[in-house]
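**Student:** Sequence:
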Amino acid sequence: MAAPPGAWLVQGRLLRRDRTFHTWKGRQVYMDKDVILFFNSRGVKRSENHRVNPTGAVSTNLGSLMAPATTHRCVDIQISLFESPKPHGFLLRVRDDKIFLAAENEARRDAWVDALVAHWGAVLDKASVNISTDRTLLHQPRNALLEAGKLGPMLEPLSAVQFPATLRATGDVLVGVGPFVRRVRWADEPILAVALYLDAPEARSLLASFQDRSLESLVEDQAFYTQLMRAPVRKTFVFSCRKRLSRTGIVAALHDEVRPRIGAAVGELEQLTTFVDKSLRKGESMICTLLAAPGLLDFHFKGLSHPCIAAPALCRALQGLFFDSNSIQLSAKSGLVARLPYLWGETTPTLPPVAATDDDADDEDDDDDDDDDDDDSARGPTANAGLAFGPLIDPDSDQLFPGALPDGAVLLGTWSSTEVPAQVGVYSVGLYVDPAKASAHLLRFKGLSFGSVAADPDFSVAFATGGFLKRLAIVHSQPIATAALCRVLATLLASAHLLDDPTSLHDAFAPLPPHLEEGDLLLLSIHADGAFTVGIGADDTTNALPVAAQAALGTAIQSLFYGYNTQDVAARARLMQRLPYLLDHAKADSAHTYHDEIAMLKENYDRLTPANRVKVGYLMVYNKRRKMMLRWSRRWCRLDGIVLSLFSSKHRVKPRDALVLSGCRVEDLSTDDDMRLELRKLGTVCVVVGITPPGGDPLILRVDSAYDGNEWLEVLREAATLRQRLLAPARERLVLKQQWAHVDAA
Numbered sequence: 016m017a018a019p020p021g022a023w024l025v026q027g028r029l030l031r032r033d034r035t036f037h038t039w040k041g042r043q044v045y046m047d048k049d050v051i052l053f054f055n056s057r058g059v060k061r062s063e064n065h066r067v068n069p070t071g072a073v074s075t076n077l078g079s080l081m082a083p084a085t086t087h088r089c090v091d092i093q094i095s096l097f098e099s100p101k102p103h104g105f106l107l108r109v110r111d112d113k114i115f116l117a118a119e120n121e122a123r124r125d126a127w128v129d130a131l132v133a134h135w136g137a138v139l140d141k142a143s144v145n146i147s148t149d150r151t152l153l154h155q156p157r158n159a160l161l162e163a164g165k166l167g168p169m170l171e172p173l174s175a176v177q178f179p180a181t182l183r184a185t186g187d188v189l190v191g192v193g194p195f196v197r198r199v200r201w202a203d204e205p206i207l208a209v210a211l212y213l214d215a216p217e218a219r220s221l222l223a224s225f226q227d228r229s230l231e232s233l234v235e236d237q238a239f240y241t242q243l244m245r246a247p248v249r250k251t252f253v254f255s256c257r258k259r260l261s262r263t264g265i266v267a268a269l270h271d272e273v274r275p276r277i278g279a280a281v282g283e284l285e286q287l288t289t290f291v292d293k294s295l296r297k298g299e300s301m302i303c304t305l306l307a308a309p310g311l312l313d314f315h316f317k318g319l320s321h322p323c324i325a326a327p328a329l330c331r332a333l334q335g336l337f338f339d340s341n342s343i344q345l346s347a348k349s350g351l352v353a354r355l356p357y358l359w360g361e362t363t364p365t366l367p368p369v370a371a372t373d374d375d376a377d378d379e380d381d382d383d384d385d386d387d388d389d390d391d392s393a394r395g396p397t398a399n400a401g402l403a404f405g406p407l408i409d410p411d412s413d414q415l416f417p418g419a420l421p422d423g424a425v426l427l428g429t430w431s432s433t434e435v436p437a438q439v440g441v442y443s444v445g446l447y448v449d450p451a452k453a454s455a456h457l458l459r460f461k462g463l464s465f466g467s468v469a470a471d472p473d474f475s476v477a478f479a480t481g482g483f484l485k486r487l488a489i490v491h492s493q494p495i496a497t498a499a500l501c502r503v504l505a506t507l508l509a510s511a512h513l514l515d516d517p518t519s520l521h522d523a524f525a526p527l528p529p530h531l532e533e534g535d536l537l538l539l540s541i542h543a544d545g546a547f548t549v550g551i552g553a554d555d556t557t558n559a560l561p562v563a564a565q566a567a568l569g570t571a572i573q574s575l576f577y578g579y580n581t582q583d584v585a586a587r588a589r590l591m592q593r594l595p596y597l598l599d600h601a602k603a604d605s606a607h608t609y610h611d612e613i614a615m616l617k618e619n620y621d622r623l624t625p626a627n628r629v630k631v632g633y634l635m636v637y638n639k640r641r642k643m644m645l646r647w648s649r650r651w652c653r654l655d656g657i658v659l660s661l662f663s664s665k666h667r668v669k670p671r672d673a674l675v676l677s678g679c680r681v682e683d684l685s686t687d688d689d690m691r692l693e694l695r696k697l698g699t700v701c702v703v704v705g706i707t708p709p710g711g712d713p714l715i716l717r718v719d720s721a722y723d724g725n726e727w728l729e730v731l732r733e734a735a736t737l738r739q740r741l742l743a744p745a746r747e748r749l750v751l752k753q754q755w756a757h758v759d760a761a
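Per this note's numbering, the very first residue in the sequence shown carries number 16; after that it's consecutive.
Hints should not be assumed to be uniformly reliable.
[Claimed, not checked] Under the rule of at most 35 Å between Cα atoms (straight-line distance), these lysine-lysine pairs were calculated in the DSBU-like manner:
hint	residue 1	residue 2
1	Lys113	Lys40
2	Lys348	Lys40
3	Lys452	Lys40
4	Lys258	Lys630
5	Lys665	Lys630
I should point out that these hints are in silico values taken from the structure, not numbers from a laboratory. Keep in mind the model is a prediction, meaning the values are calculated, not measured.
Let the sequences and hints guide you as you build the complete structure.
**Tutor:** Below you can see the structure in the form of structure tokens.
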């Protein structure tokens, strides 16, 4: 029975991850010494988790009982902390049941963790590694100092295991990460991810002789590694895995790599392996701490601490495993010291290159392309969005728009209008937005082409009412009076029945200079709070308009240029042409999940025309030329209208290959004789699709599901029947009109 309201040990609001769709939902949580209750926002109990049943069996879900616990009715409860995909999160393991929770801040998380440790007997993982794909962790800020809390976590690229910046137990800081490989015959197989933590103040003083050295010179100097191994400073090696690793595999790896270095002190290694009594599951860790006192080793396995042992030979062998001159751990040897120059706050340390993380590492023909892709994927999604958005030249007016404004707003697209009075002339419009807040607000439209976005009625409302900065930059091809431009805008708004009284617009333009020179950027800004301002360049003018009048004026301006009342429908698509590129760089958070993205793609796919449809998914690409390697390569495929793009993975920005489907022959090759031989090796029911361009080699794709395969075959055939359009509809009609005019004149 639940405790009375005053008897709860801890209570508050937490985010809990759904088991099926991995979405995060807010829950009101109450905990006492025996049970944790979860309620939704309407006060309905959604689930409960028990520490120990009255019968002595452990119940992790309502109505489901597990095997009896130990004689003391203790439950195997473990806690590990994480900062991604949600900050201030922690994973609660009760036997084989995993509960992902996230608190509002670090203090609230510590309160829950302390209560679970004190009253439920939970074991806190001192390393608390996490499985993540945040590539921004590979780069660190300049002028940083290697101290607790100054630098963030690091990601081991091959296993995608994220290590925290500091160890909560000792305060040691993270120096570097790398893979731990086991040599099997002639191949090196990465089986674990390893991280090195140091006592920063002690290491800073003991390694002061290397203060002025660059990282490149350190990793090439064996004397540096020798001094690092001999330095009497506390060193902690944290081993973790992405997939389950059995006890036999752990012991075999330690024997293969450590025993040849330990000499006659084999008993020290045997004593260590007796502490490894279970397998390592995904995200669990094994910690070896070499204390400052020579020869003392502290060992933690899956959060449990074991007695400190005196093993000088083992301490030397564990370090030599990575840092000796004959070490086979080449990636880890350089990666484990990647942050060492930050001990003294080096200005521009250069991190060593990391191994490529392509899904198809055996594809030797595309190694150079993969290197370029890795550089792009390692960049932050929004920190350098302005750099990725270069300037645009409007095709109608040849007016140049900068890719980003001084305040960080980035350019999405341009548009020009010629249907204006002669005294005003041709004017061009560029749309700028705040990249970070726009991405967060519009993330549910991620994965759609700009044609699909422009045709979506929900998008227009979401964009116009979004709480982020929007700037419309108006540029003229000739000098113009500010009052004349204001009158034109007032006329356009009145004709569209968007603004009855132009007084508010004239008041907003009043502080501006009387004339605008050629090339001046007149910025109509709609701020996140709904305020409307007008300025030239980066200077916003203030106006005395009421808040309601500013909001109405901002809504009318947006509706005129890219909203429901726009006169030129093509203007909306042209002003939004870079929006899919912006959303592709955005990171998913609480407003968006992968399940929501797929649902949105399917919903838009059914109601859009074939030219604007988007379909994505992983397919297998056939390479007949391969003899010694697998002939099938896994690729993330995106069909955008008539263009089929193939990426190494869904996180890549640049495609490895692209094919225009217009005029191609698409056929089902599942019954082809050659393909039947290949499919017979797989043992599964697959659909093979062949795409043959005119005069080119066929592209063969495999879908490992009959339902998905038939769907891909249908949409590819529809795309192949569409003709290729090289120009926008308006420009295409203009070219045809000019061609017929020349024919008539002749």
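**Student:** If a hint holds in the structure, say so; if it does not, say that too.
**Tutor:** So, going through the hints one by one against the coordinates:
no.	hint	verdict
1	Lys113 x Lys40	holds, 16 Å
2	Lys348 x Lys40	violated, 42 Å
3	Lys452 x Lys40	holds, 22 Å
4	Lys258 x Lys630	holds, 30 Å
5	Lys665 x Lys630	holds, 13 Å
The structure is inconsistent with hint 2 alone, although it conforms to all the rest.
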